[in-house]
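**Student:** If you want the building blocks of each chain, they are given just below.
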Amino acid sequence: MNDRKKGNLYGLTLTELRNLVKNLGEPEYRGNQLFEWMYTHRIHNLQAMTNLGQSLRDHLSNEYRIQVIDISKVDESTDGTKKYLYPISTATYVESAYIPETDRKTLCVSTQGGCKMACLFCMTARQGLQTQLSAGEILGQYAGIPESLDITHIVYMGMGEPLDNTEEVLKSIEGFTEGYGLSSKRITVSTIGILPGLSRLLEETEVNVAISLHSPFAEERKRLMPVQSVYPFESVLELLKKYDFSRRKLSFEYILFDGINDTADHAQELVRLLNPLRCRINLLHFHPIPNSPLSGTPRKRIEEFQAYLKSKGLIATVRKSRGEDIQAACGLLSTKELVRRPLAETLDY
Amino acid sequence: MIFVRSQVLSSDRWGLAGWRLVLDWSLPYVPGQWVQLRLPGLDDPRMYSIANPPGQRAITILYTLLAEGRLTPRLSLLKPGDIIEVAGPGGAFEAEKGSNLWIAGGTGIAPFLSMQKLIESKWYGPNSRPTLLQSNKLEDDLYGSEIFSDLNERNLLKYYPFVTQGTNSGPRITEWLDAQDRSFFKAFERIMICGSTSMILDLRDLLLGRGVDFHRIVSEVYF
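First to last, the sequence lines map onto chains F and U.
Numbering follows this note's numbering, with no gaps: position 218 of the first sequence is 231.
Numbering follows this note's numbering, with no gaps: position 45 of the second sequence is 220.
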């Protein structure tokens, strides 16, 4: 069979692999062996899996392949950050960013091609939702890069809203933890607060959670993030308060927009909302995007904002911008590469 | 969310592409809110805006059938008396007083359909009746257009229908808006948009380009 027509085993969970071999008439533990070869030992050649019987190896080789997504481009920043671009289809690209620091090496992964959430400040949103990534396409962003073995932390902060693709994200988390042996404590999923997905993430995993907040005021947040009309932040907060964050980290992401969400009122409201929680707030500088009505708060005022939050007892950090010379902020590179626009005849407006 | 069992009161086609599901419902809700629907034995609920005004002891759900979808093919088979699980209401895509421009694409008209009693009650006042731009591919799928046309005739709403395909197709909403002068946009304190992500992105770009402050734009994407 043509290799492209074969089913791809990469990204399947342990349960899925056990079911697959069982359906082939093999004992379920063969699925565990396959899982270990593929993820723990990083062997992608089915014939090299020597503790599987020859007939099973032959059968699997005829019907399946183990294919990690291809890298089509890599850019390296002067600060060591690397941006990888992957073609998902002929017209859709996703990105990941490898961010080396002295004490950690972080990989920022994407979960969707594009995004449908239409946040005002986000470059990926300009693409609309192009495609959902499979667990294999998420894990492949890790396994397919040369720095893979050095990576200590995974953050789901690349393109797309992870919890608009919850099932595949949960499978990929299982791949990272059970397969590649990364600790849940070193994995962070960032979300705008899709409640059903957030609820599952909190129930079914132990990973860290980062919530994109960007305004403590509902009406203002609605203008910045349409999701606020659907899942108001107060409902997100209500859900978070039911969980214990002493063994996993909870953080809030807050991009500061000049003259918009960086006032004393905003700082006071953040303190009121977040102080009851065991959490930290990450303040981010805005990476400008074309034709945006928003601009970034100057560095000095970000520091003043941070100082106020800290003086009121919040743990507030200012995240360093990385890879600005290679457009490492999510969506910048792939949006440039995107060639598809909806056809006029398919539109209802 | 907590799901409760609700009885199907009716289920029928609405236009050429739409379906209308009416469910028994007694919980209060605010126009613009959504509910989640789930069929017994199937997880993975889907969210729909309520498409009728409160106070009817029933909710109307407007949807289009997606052949490859998990829920809508099954929804279309429901008959009066069948049971479906419903959670909600939720969300905050709510009407606000003042001068409003509402823009809806496809089934994005649902939240505005739930606001019709507010319009009829003259909640908006004679000098700030809302302006509604409704668009779909075909004229038959301008859901609720007879209601909005009636409100238009009674001077309670300014209603502009748009059709992108078929014999009655005319300018698109984007083209029509682009042809308006700045005073048109200045007249609105708030612009509410409900529809596909691509519609929201295109309209938001257009509005920002015409000098509309982003604080005046509220949108809701399909979930």
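Hint data in this document are derived by calculation from the structure and do not stem from the laboratory.
From a predicted model like this one, the values you see are computed outputs, not experimental measurements.
Glycine residues also receive a C-beta, built at the ideal position from the N, C-alpha and C atoms.
There's no promise every hint is true.
[Claimed, not checked] Footprint (simulated), chain U over chain F, 3 or more residues, beta carbon under 8 Å:
#1 135-142
#2 230-238
#3 242-250
[Unchecked claim] So the derived label-pair ranges between C-beta atoms look like this:
#4 F359(U) <-> D92(F): 20 to 30 Å
#5 E247(F) <-> S296(U): 24 to 34 Å
#6 L184(U) <-> S161(F): 39 to 49 Å
#7 P289(F) <-> P255(U): 46 to 56 Å
#8 L37(F) <-> E271(U): 58 to 68 Å
[Said to hold, decoys possible] Far from chain U by the CB rule (all over 12 Å, computed), these chain F residues:
#9 N45
#10 S68
#11 R70
#12 D83
#13 K129
#14 D177
#15 S197
#16 F258
#17 S264
#18 E282
#19 P289
#20 R314
#21 T330
#22 Y362
**Student:** Output the indices of the hints that this structure fails to meet, ascending.
**Tutor:** Numbers 4, 6, 13, 14, 22, in rising order.
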